[in-house]
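Chains as they are written, first to last, in this note's numbering: chain A, 1358 to 1506; chain B, 1358 to 1506; chain C, 1358 to 1506.
One or more of the hints may lead you astray.
Put simply, identical chains are the same to the list, so a pair is met inside one copy or across any two.
Heads up, simulated DSS-like pairs for lysine-lysine below, C-alpha to C-alpha not over 30 Å straight-line [what the hints assert, rightly or not]:
hint : residue 1 : residue 2
1    : LYS1455   : LYS1422
2    : LYS1488   : LYS1377
3    : LYS1390   : LYS1361
4    : LYS1488   : LYS1455
5    : LYS1455   : LYS1369
6    : LYS1406   : LYS1421
7    : LYS1488   : LYS1406
8    : LYS1446   : LYS1421
9    : LYS1422   : LYS1369
10   : LYS1406   : LYS1422
11   : LYS1455   : LYS1377
12   : LYS1406   : LYS1377
13   : LYS1422   : LYS1361
14   : LYS1421   : LYS1488
15   : LYS1421   : LYS1369
Everything labelled a hint here was simulated from the structure, so no lab data went into it.
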Amino acid sequence: MKSKLIHEGEQKTYALILEKGDEVVQELTQFAKQHGLAASHFTAIGALKNAVLGFFERERRDYKKIPVDEQVEVLSMIGDIALSRGEPKLHAHAVLGKADGTACGGHLLQACVWPTLEVVLTESPRHLRRKLDEETGLALIDLSAGENG
Amino acid sequence: MKSKLIHEGEQKTYALILEKGDEVVQELTQFAKQHGLAASHFTAIGALKNAVLGFFERERRDYKKIPVDEQVEVLSMIGDIALSRGEPKLHAHAVLGKADGTACGGHLLQACVWPTLEVVLTESPRHLRRKLDEETGLALIDLSAGENG
Amino acid sequence: MKSKLIHEGEQKTYALILEKGDEVVQELTQFAKQHGLAASHFTAIGALKNAVLGFFERERRDYKKIPVDEQVEVLSMIGDIALSRGEPKLHAHAVLGKADGTACGGHLLQACVWPTLEVVLTESPRHLRRKLDEETGLALIDLSAGENG
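So here's chain A without its partners, still in its complex pose:
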C-alpha cells in the first residue's frame, strides 16, 4: 500500500492505494496505527481476488463467515476508524460485484486486492471511541462521554 496526503488542514485527506496481493484490513489498520487515526471515515473502489464477508448473527453474537472465492469488483467500500481500548480499529462494509453483475456484500473480515483498491480517507481532529455493548458483545461507537457536541 502507498499513501499520499492530498489535503492537509485541521482535517486531513489521504489517498491510499492498495496493490496486488495487499490484505485490506491489515494494511488499513497498520496505516491507522502508524498515523494515530482516531476519527476517520473513508470510501473505496477497486477489485479483489477474494474476500471473506461477515453477517452478524444475533443469536450467536458473532459474524457468520461468507467466503467469496472469485475475482470481484469492489463496487463500494465504506468505513470508519475509531479507538477501541486506545487502539485504532477499522470498521468497513463492502458491496462486491461478480462477473454476471450481481452484487453481494457484508462486514469486511478479509480481502485480498487485485489489481488495485483506491481509498480516500478523511481524518478528523477529534476522537471517536468504541465501547463494549453487553447485549451483542460488539464494540460500538460510544458518544455518551462528556466531550460530545
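Since chain A is already given, all that's left is putting chains B and C on it; use the hints.
Quick look at chains B and C alone, frame taken from chain A:
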C-alpha cells in the same frame, strides 16, 4: 441517536450514531431541522432489524414499497440533505446485505436500527434547494437560481 | 448538468446535479476538464434509465460489458478523478437497484440519467496520477513518485 462534531471549520463534520430501535429517516430529519442543515451529504454503515425501501415507478409517479422484514447489514447508505419549501429534507439510498450475502437496495423510506448505524455527515456553508419537477412529481435539487457557481 | 460550489476552501466541494438524459461519464469528465480536477473523489445517488456496467476480465485484460436496459435506482456511485497522460480521468463504480429490490453493479462504462443524479464531489489541492500497469493494461493510480506523503 447521539451526535458529535468531529471537525468544525467553515464546513462541519458530524458523527451521528444511531442506536437500537432508532428510526433512521426520523432521527436524521430531526437532527437536520435542529441544526438548520441546508447542504449536507453523508455516508453510513451499520445494521437494521427491518426496513422499507422504495423503487420509483415512472408511470405511477410514486415509490413502490419493498419491505425488508429481516435483520440486514447496511452495506452502504449514501444521502444528502437539501431545503424543500424552506425545511431540511433527507434523501438517502441504501444497499442492504442479507444473511446469505446477497444485496438488495432502494430509496430509503423507513429503517429501524439494530444495533448501530454509524453516519458521518458533512455540512457545507451554502444552500441546496429542491423544487417540484412537474413530470415526475418529485422535488429535485434545483441549481438554476442565480447564486450557482 | 448543473454545478454549484458549496464549499470553497483549500479543498473545494461541488454539488453536481445531472438531469434527464444526461450521460454520466461524459458530463463528469467534461466538468473535470473544465475545472482542471486532478485529485477528486465523489459519491452520488439518483436514478438511471439505462446503463452499461463493466466487469474486468483478467484473461482478456478488458471489461466484459453488462448492459442494464431498464429504469434503476443508483443506490451508490463512488468514484475518483485523477490525471492520466495529463488529462482528468474518471473512475466510478455503481450499485444499481432494480424494481424488485435486487442489486447489481460494476465499473461504470455508460449511464443515462432519469430523472436526476445528485453528485457531491470534493477536489483536493494536490495531484493523483495514473500510470499504465503492464500486467493488466489498466492505468492505475501511481503514488511511487517523489512527492508522496
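These are the hints, each one checked on the structure:
In this homomeric assembly, LYS1455 and LYS1422 come within 30 Å of each other (Cα to Cα) both inside a single copy, at 18 Å, and across copies, at 12 Å. Taking the shortest Cα distances, LYS1488 and LYS1377 sit within 30 Å of each other only across copies (15 Å), while inside one copy they are farther apart (34 Å). In this assembly of identical chains, LYS1390 and LYS1361 lie within 30 Å of each other by CA distance both inside one copy and across copies; the values are 16 Å within and 22 Å between. For a Cα distance limit of 30 Å, the shortest separation of LYS1488 from LYS1455 across copies, 26 Å, qualifies, whereas the shortest one inside one copy, 35 Å, does not.
Taking identical chains as interchangeable, the C-alpha atoms of LYS1455 and LYS1369 are never at most 30 Å apart, the minima being 33 Å within one chain and 34 Å between chains. For the identical chains of this complex, LYS1406 and LYS1421 are neighbours both inside a copy (21 Å) and across copies (17 Å), given an alpha-carbon limit of 30 Å. Within a single copy, LYS1488 and LYS1406 get their C-alpha atoms only as close as 33 Å, which misses the 30 Å cut-off; across copies the closest is 21 Å, which meets it. Taking the shortest Cα distances, LYS1446 and LYS1421 sit within 30 Å of each other inside one copy (20 Å), while across copies they are farther apart (37 Å).
Taking the shortest alpha-carbon separations for LYS1422 and LYS1369, neither the intra-copy value of 34 Å nor the inter-copy value of 37 Å comes in at or below 30 Å. When the C-alpha separation of LYS1406 and LYS1422 is checked against a cutoff of 30 Å, the pair qualifies both within a copy, at 17 Å, and between copies, at 19 Å. Proximity of LYS1455 to LYS1377 under the C-alpha cut-off of 30 Å is found in both arrangements, the shortest distances being 18 Å within a copy and 29 Å between copies. In this assembly of identical chains, LYS1406 and LYS1377 lie within 30 Å of each other by CA distance solely inside one copy; the values are 9 Å within and 35 Å between copies.
In the homo-oligomer, the alpha carbons of LYS1422 and LYS1361 never lie at most 30 Å apart, since the shortest distance is 33 Å inside one protomer and 32 Å across protomers. When the C-alpha separation of LYS1421 and LYS1488 is checked against a cutoff of 30 Å, the pair qualifies only within one copy, where the shortest distance is 22 Å, while the shortest distance between copies is 39 Å. Taking the shortest Cα distances, LYS1421 and LYS1369 never come within 30 Å of each other, neither inside one copy (35 Å) nor across copies (37 Å).
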